[in-house]
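With the hints in hand, could you dock these two chains into one complex?
Chains A and B are the protein sequences, given in the same order. For the first sequence, my numbering assigns the number 261 to the initial residue and increments by one for each residue that follows. For the second sequence, my numbering assigns the number 298 to the initial residue and increments by one for each residue that follows.
Derived from the structure by calculation, the hints contain no laboratory data. Check the hints yourself; a few may be wrong.
Stated by the list, open to error - If you want the ones that stay clear, here's a sample from chain B, every Cβ over 12 Å from chain A, calculated:
| # | residue |
| --- | --- |
| 1 | 325 |
| 2 | 341 |
| 3 | 349 |
| 4 | 365 |
As the list claims (entries may be wrong) - Chain B side only, calculated, beta carbon under 8 Å to chain A, not exhaustive:
| # | residue |
| --- | --- |
| 5 | 335 |
| 6 | 336 |
| 7 | 337 |
| 8 | 385 |
| 9 | 388 |
| 10 | 399 |
| 11 | 401 |
| 12 | 403 |
| 13 | 404 |
| 14 | 405 |
| 15 | 406 |
As the list claims (entries may be wrong) - For the chain A half of the interface with chain B, some residues (derived, Cβ under 10 Å), not all of them:
| # | residue |
| --- | --- |
| 16 | 292 |
| 17 | 294 |
| 18 | 296 |
| 19 | 301 |
| 20 | 302 |
| 21 | 303 |
| 22 | 304 |
| 23 | 309 |
| 24 | 347 |
| 25 | 351 |
| 26 | 360 |
| 27 | 361 |
| 28 | 362 |
| 29 | 363 |
Built from N, CA and C at the ideal position, the CB exists for glycine as well.
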Amino acid sequence: DAKTTQPPSMDCAEGRAANLPCNHSTISGNEYVYWYRQIHSQGPQYIIHGLKNNETNEMASLIITEDRKSSTLILPHATLRDTAVYYCIVRVPGTASKLTFGTGTRLQVTL
Amino acid sequence: DAGVIQSPRHEVTEMGQEVTLRCKPISGHNSLFWYRQTMMRGLELLIYFNNNVPIDDSGMPEDRFSAKMPNASFSTLKIQPSEPRDSAVYFCASIQLATSTDTQYFGPGTRLTVL
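Isolated chain B, as found in the complex (with noise of 0.2 Å):
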């Protein structure tokens, strides 16, 4: 398994551009987690999907942030517009519910200069 794919690995985009980050998690799994991780802030979560419908985004900061997932083998964070305190490291994790061990698995990771 390929493990849980993340794209782009590097974005440097301008304040006030569209980013999309995107996900694919590992095949089988039926819970998604965006995380965004900042050496103030520590990793936190964003928001997570089960069976790809959102169950939790209290995380998301504010409006300019939305997730989604149209099916259960992808799902984007996208930032409209982008701001230079957006910029952070966006990691995406899966997790096959209900087993026994209920471990998460991450992606390697978006990293996200806004400028």
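One chain only, chain A, in its complex shape (with noise of 0.2 Å):
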């Protein structure tokens, strides 16, 4: 699975868009960039993924850079229980199937 890059930390004032960015410069042609987060004292959870088109879902969108460099996870409005460490993963789906989590993003949302 391809390495990937986030910053350590970011506030978000809640009710605004947060914008949590992934590098991941070493993806391959068949992998795709899922997203998952983990809020405190809880198990990680699915909130979505891509492989090269933008994709949106109930929890937030995805934007992918036309060279698969990097993406951008965006959560529209976010709110006090949006406060979580998000992770960014590459991986190839239906293969192993093991999740690599790296260090994430500590998202702090807040009044």
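Structure representation (structure tokens):
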């Protein structure tokens, strides 16, 4: 699995958009970008994933650059409950299925 | 669906005792993973099963750790004998492999404290 780089922490005001970046410059053609988050004392939770097109679901949007070397997870209207550690993972789905978690970005949403 | 179920949620034991952690994956999922999380090392994959067969146990720290999956609805992670450095939160996750989303669903974890 390709290595990812994320900022260690970010702050966001409640109600504003939270934009979490991830660099994955060594991503290969068949690897997808996955985002998970871990709220304190809970298990990691899947958010969204994509290959090369932008994706949106009820939780977030995922913007992947054209060269696929980086991506941004967008929480359009952050709430206090979105305070968590966010992990960006790149992998080939349906294979070994191993998730390699890095250190992630600790997002603090404030009033 | 109740999601991935883990028991116990908390376990406190003394060094040298045997510890057994349990996991019930989501019904219909065919792959199961055991992870360990500590402040120092973050989330680490210990072992995973596909169709009840262990596929990769390279993350298992040492012989004191063993995992079994006797059927599709149950798995155990055993530590014998336990040591203080085994203190961590242990997560179980399951997945329906070969689906387009290929996402893992995690249980609430078992917080293990070895005194």
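**Study point:** residue 347 of chain A as an interface hint toward chain B, with CB separation required under 10 Å
**Key:** holds (8 Å)
Check your understanding: So is residue 365 of chain B really clear of chain A, every C-beta pair being over 12 Å apart?
Key -> holds (19 Å)
Check your understanding: Does residue 363 of chain A pass the interface hint, meaning its C-beta sits closer than 10 Å to a C-beta of chain B?
Key -> holds (6 Å)
Check your understanding: Does residue 385 of chain B meet its interface restraint, that is, does its C-beta lie within less than 8 Å of any C-beta in chain A?
Key -> Residue 385 of chain B check fails; min Cβ-Cβ to chain A is 13 Å, beyond 8 Å.
Practice item. Grab the minimum C-beta distance from residue 337 of chain B to chain A and call the hint holds if it beats 8 Å, violated otherwise. Key: Since the shortest Cβ distance to chain A is 12 Å, the answer is violated.
Check your understanding: Does residue 404 of chain B pass the interface check with chain A, least Cβ-Cβ distance below 8 Å?
Key -> Since chain A brings a Cβ to about 6 Å from residue 404 of chain B, closer than 8 Å, the hint holds.
Check your understanding: When the nearest CB of chain B is found for residue 292 of chain A, is that gap smaller than 10 Å?
Key -> holds (8 Å)
Exercise for review: Using Cβ atoms only, decide whether residue 296 of chain A comes closer than 10 Å to chain B, and label the hint accordingly.
Suggested key: holds (8 Å)
Check your understanding: With 8 Å as the cut and Cβ atoms as the points, is residue 388 of chain B at the interface with chain A?
Key -> holds (5 Å)
Practice item. May I ask you to test the interface hint for residue 406 of chain B with respect to chain A, counting a Cβ-Cβ separation under 8 Å as satisfied? Key: Hint on residue 406 of chain B: holds, closest Cβ of chain A at ~5 Å, below 8 Å.
Practice item. Mind checking the CB of residue 303 of chain A against every CB in chain B and telling me if the closest is under 10 Å? Key: holds (3 Å)
Practice item. With chain B as the partner, please determine if residue 361 of chain A meets the hint condition of a C-beta pair closer than 10 Å. Key: Cβ of residue 361 of chain A sits 4 Å from chain B, so the hint holds.
The structure fails to meet hints 2, 5, 6, 7, 8 from the earlier list, while all remaining hints are met.
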